[in-house]
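Chemist: Residue numbers (the numbering used here), protein chains in the order written: chain A, 5 to 219; chain B, 9 to 189.
No lab work stands behind these hints: they were computed from the structure.
All values derive from a computational prediction rather than experimental measurement.
Built from N, CA and C at the ideal position, the CB exists for glycine as well.
Among the hints, erroneous ones may be present.
Unchecked claim - Rough simulated footprint, nothing fancy, chain A against chain B, three-plus residues with beta-carbon under 8 Å:
#, region
1, 19–31
2, 35–48
3, 51–58
4, 141–148
5, 164–170
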Amino acid sequence: MTINHHPPDELLADFATGRLDEADHLVVAVHIAQCPACRRFAGAMEHLAGATLEETAPVAMKADAFAAIVAKLDELQPAPRADVPPPDVLPDDDLPEILRRCRFGKQRRVAPGLKLQPIILPSAKQSRAFLLWSAPGARMLQHSHSGTELTCVLKGSFSHEAGRYGPGDFDFGDGDVDHQPVVGPDEPCLCLVAMSGDLELHGLLGRLISPFVRL
Amino acid sequence: MEWAELIGRVAVHGDRDAFRLLFEHFAPRVKGLLMKIGTDADTAEEIAQSTLLAVWRKAAQFDPSSGGAAAWIFTIARNLRIDAARRAVRQARADQPGFIDEADDVVDSPEILMTRGEDVSRVAAALLRLSEEQSRVVRMSFIEERPHADIAESLGIPLGTVKSRIRLAMNRLRDLLDEST
Ligand SMILES: [Zn+2]
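With the rest of the complex left out, here is chain A (with noise of 0.2 Å):
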């Protein structure tokens, strides 16, 4: 797999920091899971910030403050390590295995040849995340927003004026992107869109699909 789009170095930074909100978190994460160079630059900021807690010069926790910790210790075990139940009937044979552990909504068909399906993330705050299945050829939807939104092609490809999104690339669109993409001609596009803000969509279909989006 090629991979020439990828998130800005200040997403990425934001990732590694734990500073992204859950939706946005989960869409990096599933291009760096497939892309060795942004997971390496990741990787180092994830060391860049532990050396930094390292060398920060410590200032003394209150007297007390090993005993509270202690006293709340006794109501607390250490939590087992998370183990999510696989959900009954996965929205499509191969999601990457990070999707394969999330929560999911129900499936809508949206208009013909656009089909949306939302993620259920418990502490999502700002951002929202579903998958979004288009028809080949199809025109996906002309939109502006006020937040970002954040998108990984899972399957198939479409194209706009930055360029051809094929599977593992990423496409980053903030205020300031209008633009329209068009699924390619071939075979059905799978995108993970995690999107913040008010969107504004255009036509007929942005009619159509917003009350969903909103979700």
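Given the coordinates of chain A, assemble chain B with the ligand onto it according to the supplied hints.
Modeler: For chain B with the ligand alone, coordinates are given in the frame of chain A:
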């Protein structure tokens, strides 16, 4: 003793002596770092305590082959700080006093710390070759979140060149990561 080994002892045996060593090393550093990036002393103390409590709870989720104990603890502290800030906003609205929860499950996502195997040595090799000045500018900007004006002052460079300095350092890091084997 390695920090990762101590975390392992907390995970497997609930070892409080190991936990005490972790507390004594990391809690004051978490507090110091939070204060350095603008958190007041009381909140920093609270978050540092919550961070260590989370280290106890989540010890079994720590992956020793990942970015390292300090990076893992940093990430926990960072998320707790973000949560505390969000809660403060909500509380200001609700006008209610509150307490910082010790858990935020965003930290649990196992894919956060994904540097593994060959990646670990490549990353370490690249970071060794990044110049001290470039490492500093990246850390000030992305880890310590210092404003550009602040970075300009620390480095004694004009404000207008901070952005390009950061960009150069990031590109250099990318190149080093591509080269090193
Ligand atoms: Zn990449």
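Chemist: State for each hint whether it applies.
Modeler: A quick look at each hint next to the structure:
For the region 19–31 of chain B, the stated coverage by chain A holds: 6 residues have a C-beta nearer than 8 Å to a C-beta of that chain, and at least 3 were required. Under a criterion of three residues with beta carbons nearer than 8 Å to beta carbons of chain A, the stated coverage of the region 35–48 of chain B is upheld, 9 such residues being counted. For the region 51–58 of chain B, the assignment as covered by chain A holds, since 4 residues bring a beta-carbon within under 8 Å of that chain's beta-carbons and 3 suffice. Requiring three or more residues with a Cβ within less than 8 Å of a Cβ of chain A, the coverage given for the region 141–148 of chain B holds, as 3 such residues are present.
Here the region 164–170 of chain B counts 0 residues with a CB under 8 Å from a CB of chain A, which misses the bar of 3, and the coverage is violated.
The structure shown violates just one earlier hint, number 5.
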